[in-house]
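Chemist: Taking the hints as your guide, dock the two standalone chains into a single complex.
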Amino acid sequence: MGLRSEPTAASAALTLRHVTKRFDGASGQVTALEDITLEVREGEFLAIVGPSGCGKSTLLSLLAGLEHTNEGTINLGDQPVEAPGRDRLVMFQQDALFPWLNVLENVLFGLRLKPDLTEAERIESARYYLNLVGLGDKERARPHELSGGMRQRVALARSLAPNPRVLLMDEPFSALDALTREQLYGDLQGIFTKRKKTIVLVTHNIREAVCLGDRVVLFSPNPGKVQQVFDIGLPRPRRLNDPALASLAAEVTEALTSHPAK
Amino acid sequence: MASKLPRPVIPTLVAILLVGGWEWYVRSGRVSEVLFPAPSHVLRWFWDSLLSGELLSATWVTMRRLVIGFAIGAALGVPLGALCARVRWVRDTLGVLALGLQTLPSVCWVPLALLWFGIREEAVLFVVVMGTLWAVVLAVQESVLNVPPLYLRAAQTMGSKSWHLWSRVIFPAALPGVLSGMKQGWAFAWRSLMAAEIFVVIVTGFGLGSLLNAGRELLRMDQVMGVMAVVMLVGLLADLVFFAPFERWLRRSRGLER
Ligand SMILES: Nc1ncnc2c1ncn2[C@@H]1O[C@H](COP(=O)(O)OP(=O)(O)OP(=O)(O)O)[C@@H](O)[C@H]1O
Ligand SMILES: [Mg+2]
Chain A
0 MGLRSEPTAA SAALTLRHVT KRFDGASGQV TALEDITLEV REGEFLAIVG PSGCGKSTLL
60 SLLAGLEHTN EGTINLGDQP VEAPGRDRLV MFQQDALFPW LNVLENVLFG LRLKPDLTEA
120 ERIESARYYL NLVGLGDKER ARPHELSGGM RQRVALARSL APNPRVLLMD EPFSALDALT
180 REQLYGDLQG IFTKRKKTIV LVTHNIREAV CLGDRVVLFS PNPGKVQQVF DIGLPRPRRL
240 NDPALASLAA EVTEALTSHP AK
Chain B
0 MASKLPRPVI PTLVAILLVG GWEWYVRSGR VSEVLFPAPS HVLRWFWDSL LSGELLSATW
60 VTMRRLVIGF AIGAALGVPL GALCARVRWV RDTLGVLALG LQTLPSVCWV PLALLWFGIR
120 EEAVLFVVVM GTLWAVVLAV QESVLNVPPL YLRAAQTMGS KSWHLWSRVI FPAALPGVLS
180 GMKQGWAFAW RSLMAAEIFV VIVTGFGLGS LLNAGRELLR MDQVMGVMAV VMLVGLLADL
240 VFFAPFERWL RRSRGLER
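Protein chains in written order, with numbering that gives the first Met the number 0: chain A, 0 to 261; chain B, 0 to 257.
Any given hint could turn out to be false.
What the hints assert, rightly or not - Across the chosen pairs, the derived CB separations fall in these ranges:
#1 B:E121 / A:E144: 35 to 41 Å
#2 B:L255 / A:G135: 23 to 29 Å
#3 B:A74 / A:G147: 39 to 45 Å
#4 A:E144 / B:A70: 31 to 37 Å
#5 A:N69 / B:R87: 20 to 26 Å
#6 A:R139 / B:D238: 27 to 33 Å
#7 A:G148 / B:L255: 20 to 26 Å
#8 A:G147 / B:W162: 28 to 34 Å
#9 A:L233 / B:R251: 29 to 35 Å
#10 A:E70 / B:L255: 39 to 45 Å
#11 A:N204 / B:P10: 57 to 63 Å
Said to hold, decoys possible - Rough simulated footprint, nothing fancy, chain B against chain A, three-plus residues with beta-carbon under 8 Å:
#12 90 to 99
#13 106 to 114
#14 141 to 147
In short, the hints are calculated from the structure, not lab data.
Where a beta carbon is used, it is the ideal one built from N, C-alpha and C, also for glycine.
Bound-form chain B, shown alone (with noise of 0.2 Å):
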């Protein structure tokens, strides 16, 4: 019976309902609209400030900011890795290092990185560039350990070796677990990058978590509400735009689909 449906009609129904329940209930008087807007005061906030330009101009400098520091971490962080599984004493120094400072939050280094740049781009980069890093080296390292031998040996043969080996059989061959480190790097630097705007206000650019947290100062419960959801969506369309296609093609043309 329920099964007859098409497949979204379910989620839509409880979104409607959810949201309609939630913008009842604010307006019914029983909460107080400072501190729990309803959705349509949500939706006034995005618009406004979509107009006023202050929201595209706070998601680019965050963007910004994002792409910068995780292209640096990644950069550095996949021929760190792949050191790292290449040779014992790295793996057994930098290596350990790297799991260690993975688990560490990445908003531990806020104060570190305002003693040693100031208030300045390069604290909020740092900051960002120490949350992807550690993810990415390790899971390079774990990809590139993981390369079944076989292909080793048999590219070996036919005389590959050296860089060749590198770029045409061990890097394809790691790619899909490198990909899976790329993309928790992402996660931690996304996150990593929200605590440092929200911590700091960094004079160089004001970013999504400033504008949070300029909300929270002027009391404006709407706006806060409102960057929460554009975070939210910023992180998946990430995903979706970018990663999941990617992962997509990469499992399919390889049979690892299920």
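Next up, chain A with everything else stripped away, as it sits in the complex (with noise of 0.2 Å):
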């Protein structure tokens, strides 16, 4: 794919205009976001936060296009977001590694199926990305054979490795030790700066989305709505024991406590 050629820097990759979602589940139609407008700007890295239940999930489906609006729409450039596309990997909050291939086959999955790369390439790039999140040694391994982080490592490298243009990734670093978890933080800000992508990063962590986002969205539950916009003005790469990145972190944390419980 290599590097985009529209250098018009504010320019939305990603926009929602009144975008509501429900779901018909066994207790009852529940309106999982309710007019959501929401712009994701190109090259840029947003975070989502909120409590359990607000639709953070649900909003990745959508952009991703595994899902469609009731109302509002999603675009995606000047194109509407109909289907899932190659150019907008979902990086899911379980790890959905396939249980009949390897790591590294695992992780070839999205390389191949972009035609403009020789398969010496394909073999490459993925071991780059797993030796990235420190499993160069394991790609022989089966999915079963790992830990639960390890998994979610795989899955990490599997996302990042084809370079999508957008990136969509929900609560990737949840079942990670501190350390490991901050050394991908500090990874993906490296990629996210060389390789210019546009990311949108679920989390429940709210020092991750501050330490990660450009801006970070607060997500209200019952129904999804977004509460407030913070604009991360840190510059990169950032720590996370920054004490600036603390404060600003506690200010995100006091506006979602201040939410009135449901």
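Modeler: Laid out in structure tokens, this is it:
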């Protein structure tokens, strides 16, 4: 894919207009998202935080084209999002590794769907990302032979390797230990600045959101709505224990807890 | 105490006891040797028919029918099952039909097969195919419908669709279920073939079933029992040589082993 050609800095990669999503569940109709209007800018790292059940995963599914809105529109550039596509890769909340493939083949899965690469380039790239997540020595293992955290790291490598234009990540670091997590924050920021990606990251961890996001969007539940948007102007690379970061995180936490519980 | 013995010891002892008792009972003259041959007679028949080539040629004829019929049934069943899973109205028609036909013992097809194809090879094959097909269709349909949606979603966002999605994701994910369907299809095919061969003298080949039936007509119970043993052995062997290793490999490589 290489670098993208449209350089207009402030152009929107993803635009949501008045998006509402309802589910017909076993316990009646649930409004997962209500009237969401949001813009993800080209080359922006957007972090979404909010309490459990406020529709964060649903939002990613909509952006990915895996689900359809009940009301409102979602555009990628100037095209409406209608179906899943290689340009919007999702890293799911549960690692969705394929049990019939080994670790390397799992990472190669997305790469093999990119026609303009040779097989040698694909393997090289897969190994590069596996090393990045610290699993270079596990490429022959099957997913069931790995720990939960390792599986999540493979899933991370699998979603980074094809270098998609937009990366949608659903709590990618939740099963990791603090050390690996902080190291991956650094790596992800590196990849983000180097490759000029657009990333939407969902997380429960407010510090993580502030550490990684250019903006942090706070959702409120029942039904899922945008409560507040925070601009994080801190220079990159950011360190998790930077005091400025900590005070911003406190601000977001304050806003989160001040929301009247329902 | 008993747990100290190696595991095969007790079954071997029981087998020796049973066979020995049977041999002794028949030799003691309490039953007619014609109706109830001793193990040694059955073994002698086995050895003679092996030397004369009769047994091997019958086994060959039967195996050929079984393999060809099973292959046709599976080759038709896999795409039809996939279609049932994929298309709603096919599932509501063909899928339901398969459900009904699967409960029909495939011997029931013998009269029709004979009318349609005559006393020929095709008639036997047809019965075997009918035995295999519906089990495979249903197994494939079920296992495709049970592929976890998460795999599909993950694959789709990586750009996989249509044929790629089927061959690289849906089919591998459904494989364990498809395999157990095949196994069931194989068992059904085996039963239906025996029934067909015993029922009908098929001029185009003398299979194990025909051999068994001939034994009945000649009042050669040693032959009848011998063929029964061979039929059992072939069934066991197919499972041991083909299905079991494949199944074990599948389970182990996916961490499904308990
Ligand atoms: N397929 C579905 N069918 C019915 N209801 C659904 C479905 N998917 C999500 N929901 C409902 O929509 C709401 C939002 O779910 P979602 O998974 O988006 O939450 P979330 O913000 O990602 O939560 P978490 O932080 O726990 O992952 C929940 O109330 C959930 O029950
Ligand atoms: Mg979620």
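Chemist: Next step is simple, just say for each hint if it's right about the structure.
Modeler: Hint check results:
In this structure, B:E121 and A:E144 break the distance hint of 35 to 41 Å, their C-beta atoms being roughly 49 Å apart. A hinted range of 23 to 29 Å holds for the C-beta pair B:L255 and A:G135, which are about 27 Å apart. For the pair B:A74 and A:G147, the beta carbons lie near 41 Å from each other, so the given range of 39 to 45 Å is met. Taken as a hint, the range 31 to 37 Å holds for the pair A:E144 and B:A70, whose Cβ atoms sit roughly 35 Å apart.
A C-beta distance of roughly 23 Å is found between A:N69 and B:R87, which places it inside the suggested range of 20 to 26 Å. With their beta carbons about 30 Å apart, A:R139 and B:D238 fall inside the hinted range of 27 to 33 Å. Distance hint for A:G148 and B:L255: a CB-CB separation of about 22 Å, consistent with the stated range 20 to 26 Å. At about 33 Å, the beta-carbon gap between A:G147 and B:W162 stays in the expected band of 28 to 34 Å.
Restraint check, A:L233 to B:R251: a C-beta distance of roughly 49 Å breaks the suggested window 29 to 35 Å. For A:E70 and B:L255, the Cβ-Cβ distance of about 43 Å falls inside the hinted range of 39 to 45 Å, so the restraint holds. Look at A:N204 against B:P10: about 59 Å separates their beta carbons, and that is inside 57 to 63 Å. For the region 90 to 99 of chain A, the stated coverage by chain B holds: 6 residues have a C-beta nearer than 8 Å to a C-beta of that chain, and at least 3 were required.
Look at the region 106 to 114 of chain A against chain B: 4 of its residues bring a Cβ nearer than 8 Å to a Cβ of that chain, three or more, so the hint holds. Coverage of the region 141 to 147 of chain A by chain B holds [criterion: at least 3 residues with CB-CB distance below 8 Å; count 4].
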